[in-house]
Structure formats: structure tokens, C-alpha cells
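Colleague: Chain residues, written in single-letter form:
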Amino acid sequence: MAAGLRAVRRWGLVVAPPSLAFTRSAFVVKKANNAQPNWLGVGLAFGTSAALWALLIKQHNEDVTEYERRARAHKCRQCS
Amino acid sequence: MVFLPDESRSLPPPPLLNKGTVWLGFAGWMSALLDNAFNQRPVLGAGIHRQVLFASLGCFVGYHLLKRAEYKYAKVDRELCDYIRHHPEDFRPSTG
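Chains A and B are the protein sequences, given in the same order.
Numbers given in the numbering used here equal positions in the first sequence, counted from 1, plus 46.
Numbers given in the numbering used here equal positions in the second sequence, counted from 1, plus 5.
Don't read these hints as lab results, they were simulated from the structure.
The beta carbon of each residue, even a glycine, is placed where N, CA and C say it ideally should be.
Hints may contain errors.
Here chain A is said to cover these stretches of chain B; the calculated rule only asks that three of the stretch's residues, wherever they fall, bring their Cβ under 8 angstroms from a Cβ of chain A [claimed, not checked]:
{"no.": "1", "segment": "9-16"}
{"no.": "2", "segment": "46-59"}
Under 8 angstroms between C-beta atoms, here's a sample of chain A residues computed to sit facing chain B [claimed, not checked]:
{"no.": "3", "residue": "N80"}
{"no.": "4", "residue": "F92"}
{"no.": "5", "residue": "T94"}
{"no.": "6", "residue": "L102"}
{"no.": "7", "residue": "D109"}
{"no.": "8", "residue": "E112"}
Working from the sequences, and respecting the hints, build out all of it.
Modeller: Set out below in C-alpha cells:
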């Protein structure tokens, strides 16, 4: 959100915020450094993605197995 | 209220590549690209880990939402067919 505000300010539509004395926003204090990778964040993101895919594929395989098991057990006589 | 009742497992599960997975995965990827744009980073080349994470999250949520949607549709279909079966007099083919 702060970056969007920065962009709007560059276009001259919004004035710059006053000095630190008047603002209490945390976004003014911190400056993101995109040059050095945040390796912890990268590792966590890739690890979480891998975990999500593993969960999804496992869930899908379980669903398929359960459906086939029920289809074998039920042997549908009369469906609409 | 349960997100996916047990009887929903009697339905054929959707394939891993389905409209929910694709659409929400794409939406997640787009939001990562949008985050890049707002933070003045290269749109496609930066934050690959973020793009992968958001897309994976979208796929995951999309799959489960689609399963719930299919369950809801199947439930309505079943109730409709049961009604038709229990009230045959209302559904006779017109003879006149």
C-alpha cells in the first residue's frame, strides 16, 4: 500500500508526507532492500509451496482412492 | 458447518487441472505480479518465490472450493431427481 502511495506521489497527485515528527506510520521507518535476497523468506516461500503441492497431490490421490472404493462397494443399481 | 461433508467423497474427484485450480492459481500469480509492480520491482523477473507461493496457494484453495461447488451442485441434482421420482404424476409426458 505504501508503494502504491509512492507511485501516486510521483505522479504529483499526492503531496509527500510530513517529517517523522508528525507521522506514526511504520512504513516510513523501514526501507525495503530488494538488492539482497531475504534467503529466509525465499526458503520459507519455496518450502511452503512444496508443502502445499504435496498436500494437494496427496489429497487428490486419497479422493480418487476413496471414490473408487465407494464405487466398488456401492455397485450403483438405480441412479437418476 | 462442514466444508466438505463425508458424502462428498462419493463423487468423482475433479482432476488436478480444473477450472478452480487454473483460475485461482492464475489469480494468485497475477497478485504476485501486481505486488512486484506496486513495489517497483521487475514485474516478471522478481520475486519468483513469491509468484510460486501465491500461485500454489491459489491452486490449493481452488481445488477445495471446486470440490465444494461440485458437491453443492450434485446435492441439488439429487434432490431434484428424488422429487421427480416421488411425484411421477406431475411429470407424465403430455398425451394430448
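Colleague: Checking hints one by one. Is N80/A an interface residue toward chain B, by the C-beta closer than 8 angstroms rule?
Modeller: holds, 6 angstroms
Colleague: Is the interface hint for T94/A satisfied, with its Cβ closer than 8 angstroms to some Cβ of chain B?
Modeller: For T94/A, the interface hint holds, since the closest Cβ of chain B sits about 6 angstroms away, which is under 8 angstroms.
Colleague: Return the status of the interface hint for F92/A: holds when the least beta-carbon distance to chain B is below 8 angstroms, violated otherwise.
Modeller: Hint on F92/A: holds, closest Cβ of chain B at ~5 angstroms, below 8 angstroms.
Colleague: Can the hint on L102/A be confirmed by a CB-to-CB distance to chain B that is less than 8 angstroms?
Modeller: This interface hint holds because 5 angstroms falls under the 8 angstroms limit.
Colleague: Does the segment 46-59 of chain B contain three or more residues whose Cβ lies closer than 8 angstroms to a Cβ of chain A?
Modeller: holds (count 6)
Colleague: For the restraint on E112/A, tell me whether the closest CB of chain B is nearer than 8 angstroms.
Modeller: For E112/A, the interface hint holds, since the closest Cβ of chain B sits about 5 angstroms away, which is under 8 angstroms.
Colleague: With a cut-off of 8 angstroms between beta carbons, are at least three residues of the segment 9-16 of chain B near chain A?
Modeller: holds (count 3)
Colleague: Quick check on the hint: D109/A CB to chain B CB, less than 8 angstroms?
Modeller: holds, 4 angstroms
Violated hints for the displayed structure: none, as all numbered hints are satisfied.
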